[in-house]
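Novice: Spelled out from the first residue to the last, the chains are:
Protein chains: 2
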Amino acid sequence: MEKNLNIYKQYRKRLKAYYYMMSVVGWDSETVAPIGCFEERGKQMGVIAEEVYKIQTDKDFIEAINFLYDHRDELDDALRHEIVNQKKELDKTLKIPMQEIIDSQILFSSSSNIWAQAKKDNDFKKFEDTLEKIVQFKRRYIKYLETDELKGYNVLLDEFEEGMSIKEYDQFFNLLREKLVPFVKKVLEKGNDFNKEFASKKYKVEDQKKICEYFRDVLCFDKNHGIMMESEHPFTSGFGQSDVRITVHYYEKEFLSSIYSVIHETGHALYEANVSDELSDTFANGGASMAMHESQSRFYENIIGRDENFLKKHYPYIKSVYKKNLKDVSFENFYKLVNKVEASFIRTEADELTYPLHVMLRYELEKKLMDGSIEVKDLEKEWNKLFYEYFGIKVKKASQGVLQDVHWSGGSFGYFPTYALGSAYACQFLNAMKKDIDFEEELKKENTLVINEWLIEKIHKYGASKSPKELMMIASGEEFNPQYYVDYLIDKYSKIYSIE
Amino acid sequence: MEKNLNIYKQYRKRLKAYYYMMSVVGWDSETVAPIGCFEERGKQMGVIAEEVYKIQTDKDFIEAINFLYDHRDELDDALRHEIVNQKKELDKTLKIPMQEIIDSQILFSSSSNIWAQAKKDNDFKKFEDTLEKIVQFKRRYIKYLETDELKGYNVLLDEFEEGMSIKEYDQFFNLLREKLVPFVKKVLEKGNDFNKEFASKKYKVEDQKKICEYFRDVLCFDKNHGIMMESEHPFTSGFGQSDVRITVHYYEKEFLSSIYSVIHETGHALYEANVSDELSDTFANGGASMAMHESQSRFYENIIGRDENFLKKHYPYIKSVYKKNLKDVSFENFYKLVNKVEASFIRTEADELTYPLHVMLRYELEKKLMDGSIEVKDLEKEWNKLFYEYFGIKVKKASQGVLQDVHWSGGSFGYFPTYALGSAYACQFLNAMKKDIDFEEELKKENTLVINEWLIEKIHKYGASKSPKELMMIASGEEFNPQYYVDYLIDKYSKIYSIE
Numbered sequence: 009m010e011k012n013l014n015i016y017k018q019y020r021k022r023l024k025a026y027y028y029m030m031s032v033v034g035w036d037s038e039t040v041a042p043i044g045c046f047e048e049r050g051k052q053m054g055v056i057a058e059e060v061y062k063i064q065t066d067k068d069f070i071e072a073i074n075f076l077y078d079h080r081d082e083l084d085d086a087l088r089h090e091i092v093n094q095k096k097e098l099d100k101t102l103k104i105p106m107q108e109i110i111d112s113q114i115l116f117s118s119s120s121n122i123w124a125q126a127k128k129d130n131d132f133k134k135f136e137d138t139l140e141k142i143v144q145f146k147r148r149y150i151k152y153l154e155t156d157e158l159k160g161y162n163v164l165l166d167e168f169e170e171g172m173s174i175k176e177y178d179q180f181f182n183l184l185r186e187k188l189v190p191f192v193k194k195v196l197e198k199g200n201d202f203n204k205e206f207a208s209k210k211y212k213v214e215d216q217k218k219i220c221e222y223f224r225d226v227l228c229f230d231k232n233h234g235i236m237m238e239s240e241h242p243f244t245s246g247f248g249q250s251d252v253r254i255t256v257h258y259y260e261k262e263f264l265s266s267i268y269s270v271i272h273e274t275g276h277a278l279y280e281a282n283v284s285d286e287l288s289d290t291f292a293n294g295g296a297s298m299a300m301h302e303s304q305s306r307f308y309e310n311i312i313g314r315d316e317n318f319l320k321k322h323y324p325y326i327k328s329v330y331k332k333n334l335k336d337v338s339f340e341n342f343y344k345l346v347n348k349v350e351a352s353f354i355r356t357e358a359d360e361l362t363y364p365l366h367v368m369l370r371y372e373l374e375k376k377l378m379d380g381s382i383e384v385k386d387l388e389k390e391w392n393k394l395f396y397e398y399f400g401i402k403v404k405k406a407s408q409g410v411l412q413d414v415h416w417s418g419g420s421f422g423y424f425p426t427y428a429l430g431s432a433y434a435c436q437f438l439n440a441m442k443k444d445i446d447f448e449e450e451l452k453k454e455n456t457l458v459i460n461e462w463l464i465e466k467i468h469k470y471g472a473s474k475s476p477k478e479l480m481m482i483a484s485g486e487e488f489n490p491q492y493y494v495d496y497l498i499d500k501y502s503k504i505y506s507i508e
Numbered sequence: 009m010e011k012n013l014n015i016y017k018q019y020r021k022r023l024k025a026y027y028y029m030m031s032v033v034g035w036d037s038e039t040v041a042p043i044g045c046f047e048e049r050g051k052q053m054g055v056i057a058e059e060v061y062k063i064q065t066d067k068d069f070i071e072a073i074n075f076l077y078d079h080r081d082e083l084d085d086a087l088r089h090e091i092v093n094q095k096k097e098l099d100k101t102l103k104i105p106m107q108e109i110i111d112s113q114i115l116f117s118s119s120s121n122i123w124a125q126a127k128k129d130n131d132f133k134k135f136e137d138t139l140e141k142i143v144q145f146k147r148r149y150i151k152y153l154e155t156d157e158l159k160g161y162n163v164l165l166d167e168f169e170e171g172m173s174i175k176e177y178d179q180f181f182n183l184l185r186e187k188l189v190p191f192v193k194k195v196l197e198k199g200n201d202f203n204k205e206f207a208s209k210k211y212k213v214e215d216q217k218k219i220c221e222y223f224r225d226v227l228c229f230d231k232n233h234g235i236m237m238e239s240e241h242p243f244t245s246g247f248g249q250s251d252v253r254i255t256v257h258y259y260e261k262e263f264l265s266s267i268y269s270v271i272h273e274t275g276h277a278l279y280e281a282n283v284s285d286e287l288s289d290t291f292a293n294g295g296a297s298m299a300m301h302e303s304q305s306r307f308y309e310n311i312i313g314r315d316e317n318f319l320k321k322h323y324p325y326i327k328s329v330y331k332k333n334l335k336d337v338s339f340e341n342f343y344k345l346v347n348k349v350e351a352s353f354i355r356t357e358a359d360e361l362t363y364p365l366h367v368m369l370r371y372e373l374e375k376k377l378m379d380g381s382i383e384v385k386d387l388e389k390e391w392n393k394l395f396y397e398y399f400g401i402k403v404k405k406a407s408q409g410v411l412q413d414v415h416w417s418g419g420s421f422g423y424f425p426t427y428a429l430g431s432a433y434a435c436q437f438l439n440a441m442k443k444d445i446d447f448e449e450e451l452k453k454e455n456t457l458v459i460n461e462w463l464i465e466k467i468h469k470y471g472a473s474k475s476p477k478e479l480m481m482i483a484s485g486e487e488f489n490p491q492y493y494v495d496y497l498i499d500k501y502s503k504i505y506s507i508e
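So the protein sequences, as listed, match chains A and B.
Under our numbering, residue 508 is the last one in the first sequence; the count climbs by one each step, no gaps.
Under our numbering, residue 508 is the last one in the second sequence; the count climbs by one each step, no gaps.
Only chain A is shown next, with the shape it has when bound in the complex (with noise of 0.2 Å):
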C-alpha cells in the first residue's frame, strides 16, 4: 500500500506540474499570443502532449492506480473519489484504440474552422459532412466506453457531470418543459414597459473596466492570487488555488455585456480560488464538476447580479460612471432592463428565464443523435422544428439556429445540459442558503462577503474530492430537486411582469 501510494503520488506531481505549465499556455494563447504563433506552438504542445501521454500510461503508474482501486476502501474519502476518478480515466484511455484517437485529433483540428466558415456563409450544407464525421466518431466512442451502467448517451453525460444520466435529466428537462414554456409565453404576451435605447449607446471601453474592477471588487475576487484581463471571449483559468484569472471582453454599444460577464467569471474564479489548501497536491483542487463550476457563476451573475437589493445597492456606482447615458435612466428601468424576458434566438444572448429552453432543445437534439432516432442530415430541420415549438418564433439563418454554438464542431456532446444543470443547482444552494443568512440583506452590502463564505463553507473548499451528488447533499440536505430552479424562475418573473 505504501509503496503504491508513493509510486501514484509521485507519478501525480509529476502531472500536475504538465497540466500547471499546460494551462499558463493555454491561458497566454487565449489572451496575447500573437496570431502567427499557433503552427508552432501546436507542433510544441503536441510534444508535450505525447510526454504527458507517457506519463498516464506508464506502467508503473497504471499499476499504482489499480492497485488502489482495488484496495479503494482503505483509503480516506478525498483519496478515494480521486482513485475512483483516476481509474475512469484510465480505462478510457485504454479502450480507445490509438488509431481513433489520432483519427479524431486530425478531424479537431479543421473541424471548427469549416464550422466557422459554415457559420459565417449561413450554410449548415457546409459543415454538415464535417458534422457526420464528429457523430460517427462519437457513437464509436460511446460503444468504446460502455458498461453495463452506462450505456449509450450515458457515456457522454457521465463525462461531464458524474452520475446525471438520461433519466435524471429527462425528468429535469420534463419539469422545465412542462413548467416554462407555458410560463414564458404568458410573459412575453404581457411584455414589460421601459426605456431600452439608452442600453445601445456607446460606453467607453475605459469606463467599462472600472465598472468590472468595482465589481470584481465587490464580489472579493483576490487580486493577489488572480488577475483580469480581456480576451475574445470571456473565461476563467485556474492554476490552482494561487493564481485564478478572468477575462472578460468589452463591447462599446453593449454595456450590459462586461457587467455580467466579470460577475460570472468572479464566480468561476471564486470557487476555484477557494477550494481547501489541503487539496493543493491533489487532483481535486478545482471545481467538482461542469455543472457545478456553472452553479456558482450563474449564483453570481443572476441571483446576486440581477437581484434587485443588490443592483440597487451599485445602481448609483454605475450611473457615477455613465454619468451621460444613464442620467435619465431610473433605477427601476434599470432593474426591467437588466431582466427583460425575450424570445430570442441566440443562447448565449437569452436572459435568465428562457435560457434553460435553449438547453433543452440542444439536449433533445443529442439525445436523438447518439441513439440515431435522427441524422446529422435532418438536424437543421429538427432544429428549426422544436425551436419554433419552444419559443414560437422562426429560425430564419443557419447561424442564428444550428450553427450558433462551437460545442459540437469539437465534439462536445453532453455538455450543453450542463449549463441549465448548474442554474438549477444554484438556486437549491440558494434555498438552503436562506435558512443561514439573511440574503437580501447580505446584498444590502458593500461587498458579498458573507455568502461567498457560506458557499466556500458548502461547496468551494471542498473542490473536486467529493461528487456532485455528495455536493449537493452536504450543501442543501437533500438531493437535488429541480422544483427549487422552476419556483425560483416563475416567482421572480411573475413579480417583474406583475403575473399572477
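For the record, the hints were derived by calculation from the structure and aren't laboratory data.
Wrong hints could be hidden among the right ones.
[Unchecked claim] According to the in silico footprint, chain B covers these stretches of chain A (three or more CB under 8 Å from chain B):
| id | region |
| --- | --- |
| 1 | 22-34 |
| 2 | 44-53 |
| 3 | 233-243 |
[As the list claims (entries may be wrong)] Among the chain B residues that face chain A by a calculated CB cut under 7 Å, a handful are:
| id | residue |
| --- | --- |
| 4 | K21 |
| 5 | M29 |
| 6 | D36 |
| 7 | V55 |
| 8 | A57 |
| 9 | N232 |
| 10 | M236 |
| 11 | S250 |
| 12 | L287 |
None of the values given here were measured: they were computed from a predicted structure.
Each residue gets a CB set at the ideal place from its N, CA and C atoms; glycine is no exception.
Following the hints, complete the assembly by docking chain B onto the known chain A.
Specialist: Here is chain B on its own, set in the frame of chain A:
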C-alpha cells in the same frame, strides 16, 4: 551515425518543447502573473526542471552526443557547431556535483532578496556574507569546469561569450581606458548648452504607448509574430521565430526611457525573429551569443535611434504627440538632450559614451574577485576607488555604487563585459554596412527595412549556428577590432560637443 542522429534529434525535439513552455511561463511571470502565485509556481517549475534534467542526462542522449561529438567532422557546419556546444553543456552538467547545484539553488533562491534589501538600506554589509558565499561558489564552479584551454575567470567569460577570454577583453578594455577615459573628461569639461527642463515634465502613459507603437512599426517589428506589453523592466522573449515579444516600462516623468527601451528591445526582437526557418527545429534558433544579441539591440538603440538623420525624420511625430511639452523645443535641442554625456552613477542610465566605462569597472573587479586578488570585504572600497578614477566623481551611496546591479546576486559573473562588447560589435557592423548601403540615406526613410535586411542577411539568419567569431568574420570580413567602436564614439561626440 544515422541511429545516433535520430536519437539526438528525438531528444532535441523533446527538450525544445520544454524550453518553449518554460519560456511562455517565464514571460507570464514577468508580465501579468499575480504576486501571490510565485510560491506555487516555483514548486511546479521545480518539478518540470527535474523532468528536463532527466532528459538532458538520459544515457541514450549522452551516448548520442558523445558519438556525434567524436564524429563531428562528418557533420554539416551548423550541426557540428551545435554538437560542440551540447557537448560543452553536457560536460558542465556532469562535472558539477549534484550537491553543489542543489546548494547553489538554495543560495540563489534568497540572494536577490537579500541584495534588494541591502540596496534599499544602502548597506553593503548586509549583502557581504551572501556575496561572499556566491563568490566562493563561483570559484569552486570554475575549478570544476577548468580545462587546459580555459582557466580561472575565462571559464565564466567563455560561458557568456564563446571565444572571449581575459586576453581579448584586456586588449579591448585597455584600448577603451586609454582612449575614452581622457576623451570623456574633455567632453565633460566642455559641456553643452541646451534646455533640458522639458524632459522631466509629465508625459502621459497613453501618449508614450503611441510613440512606442510608432517606433516599433518604423523598425518593422512583425506584429503577427510578436506582441508588445508592459513589465517592471523591459526585456525581449523569443519562443522561436514565430513569437517574439518585447516589453516596455513607462515612467511618466521620463519620456525618453520608453522610446529607447522600445528601440533597444526591438533590436533584440528582430534578431530572434529573423533567424532562418531552416534552424527552427534546432537549438540554433536564437541569437549566437550575449554580445551578439546586445550588438543588435545597441545598433538600433544607439547607432540608429540616436542618429541625427533618424531623429530628424521622426521628431515631428514625437512632437505631434507631445504637443504641449515639446512646443518650444527645437530639433537641435532635442538631439543634444538625446546624446548628452554625463558623469553618472548608474550604469543602466548611462549615456552611450560613458556606458563602456561602467562596464569596464565591473570587469576589472570581477577579474580580481575571481583570481582572489581582491576579496568581497574590500569590494565596495575598490569599486569607489575605480569609479573616481574613471568618472572623477565620488560614490556616496552603495545603491549608486557596488549594490546597483542585480547580476552578482544571481551569480552572473562574466556577463557584464558582453554589454560593452556588443556595442563594439555594432560599430564594426556599421562600418561594414556602410560599404554596401547608404546608411545615412536609409535613416531618412519611413522605416529601416533596408538596414534590417542587411543585418538579417549578414547576422540574424545564422541564428546560433555560428560562433560569434565566425559571425564577425562573415558580417564584417575581418576579426573583431575594437578600434571601430572607439573611432565611432570619438567621432560622434567630438561633433556634438564641438571638440577638435
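Novice: Next step is simple, just say for each hint if it's right about the structure.
Specialist: Hints, one by one, checked against the model:
no.: 1; hint: 22-34; result: holds (count 9)
no.: 2; hint: 44-53; result: holds (count 7)
no.: 3; hint: 233-243; result: holds (count 4)
no.: 4; hint: K21; result: holds (6 Å)
no.: 5; hint: M29; result: holds (5 Å)
no.: 6; hint: D36; result: holds (5 Å)
no.: 7; hint: V55; result: holds (4 Å)
no.: 8; hint: A57; result: violated (9 Å)
no.: 9; hint: N232; result: holds (4 Å)
no.: 10; hint: M236; result: violated (10 Å)
no.: 11; hint: S250; result: holds (4 Å)
no.: 12; hint: L287; result: violated (13 Å)
Taken one by one, the earlier hints fail for this structure at numbers 8, 10, 12, listed in ascending order.
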